[in-house]
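Engineer: Line by line, the protein sequences give chains A and B. Under the working numbering, the residue at position 30 of the first sequence is numbered 31, and the numbers go up by one with no gaps. Under the working numbering, the residue at position 109 of the second sequence is numbered 220, and the numbers go up by one with no gaps.
Please keep in mind that the hints were generated in silico from the structure rather than gathered at the bench. Warning: the hint list may mix true and false statements.
Claimed, not checked - Distance condition first, Cα-Cα at most 30 angstroms in a straight line; then the derived DSS-like pairs of lysine-lysine:
#	chain 1	residue 1	chain 2	residue 2
1	A	K108	B	K173
2	B	K173	A	K59
3	A	K108	B	K155
4	B	K138	A	K59
5	A	K111	B	K182
6	A	K111	B	K162
In case you want the letters, here they are:
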Amino acid sequence: AQSVSQHNHHVILSEAASLELGCNYSYGGTVNLFWYVQYPGQHLQLLLKYFSGDPLVKGIKGFEAEFIKSKFSFNLRKPSVQWSDTAEYFCAVLISGAGSYQLTFGKGTKLSVIP
Amino acid sequence: NAGVMQNPRHLVRRRGQEARLRCSPMKGHSHVYWYRQLPEEGLKFMVYLQKENIIDESGMPKERFSAEFPKEGPSILRIQQVVRGDSAAYFCASSLGQGIGNTIYFGEGSWLTVV
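All chains should be modelled from the sequences, with the hints used to inform the complete structure.
Structural biologist: In C-alpha cells form, the structure reads like this:
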C-alpha cells in the first residue's frame, strides 16, 4: 500500500527564516500531490497541488513545492516565514488506478513561527 | 462561501449514544468523502459516496459506523453506541469528479468528543 512520510514532526522557526518541509511517498505510478495547511481549530485548506507539467509548483501565501520524481519527493518551501504561517502542514498523494479517489496523508508537520 | 459545509462543528456525546455528522458538498460536486483525524495522526480515509451510492467503505470500522448520501439533502456519517476511541475530528470532503486530476476540497470538520 502507498504511504506518505513527512520527516519532521515539529519545526520551530523565527520570522523571516526559510522553510523546507520534507515529503516522500511510496508509489511508482502516476500521482497527484497536494499540500494542505490546517490552522489551529480550522479546516484543511489547499496550499498547492501538482498534477503534471512543471515540477515546480507555486501555491498561495508564497509557498511553493518541487516534485522530484526520481526521489519520490514533494518538498514544501517558503523563502521567508511569518508568524501567521504557524499551522500544521499535511502532504497528501492521490494515486492512479484502483482507489484513485483516496487521498493518503502524511502524519503532518507542525510549524511554529516565533515573532 | 460555497465551500464544503459541515455541522455540527463540535459534538459531545456520552458513551453509548449516537452521533450524527452532516456534510453538504460544494455546489456542483457529487463526490463526497469522509476522513477521520485521530490525535497526532494524519487523516485517514473512511468512505467515498456518490448520490445514493456507497462506492468504497473500505476505511470504515466494521461495526457501529455507517454513511449515506441521499438523493436530497446532506451526507450523513452516523456512529452508533459511541466509545471513547471514537473521539476525533471528522472531515468531509467533496470533488467535482473522481480520481487523478481532481482536487478534493475539505470542510471545517466536526470534532466529536465522547465522555
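Engineer: Hint by hint, note whether the structure agrees.
Structural biologist: Hint-by-hint comparison with the structure:
1. Annotation: proposed proximity of K108 (chain A) to K173 (chain B) holds, straight-line Cα distance about 24 angstroms (limit 30 angstroms).
2. Proposed proximity of K173 (chain B) and K59 (chain A) is contradicted: the alpha carbons are some 41 angstroms apart, above 30 angstroms.
3. For the hint pairing K108 (chain A) with K155 (chain B), the CA-to-CA distance comes to about 10 angstroms; that is within 30 angstroms, so the pair holds.
4. With a C-alpha separation of about 26 angstroms, the suggested pair K138 (chain B) and K59 (chain A) falls inside the 30 angstroms cut-off, and the hint holds.
5. Restraint check for K111 (chain A) and K182 (chain B): not satisfied, since their Cα atoms lie roughly 39 angstroms apart, outside the 30 angstroms limit.
6. Restraint check for K111 (chain A) and K162 (chain B): not satisfied, since their Cα atoms lie roughly 36 angstroms apart, outside the 30 angstroms limit.
In terms of the numbered hints stated before, the structure departs from hints 2, 5 and 6, listed from lowest to highest.
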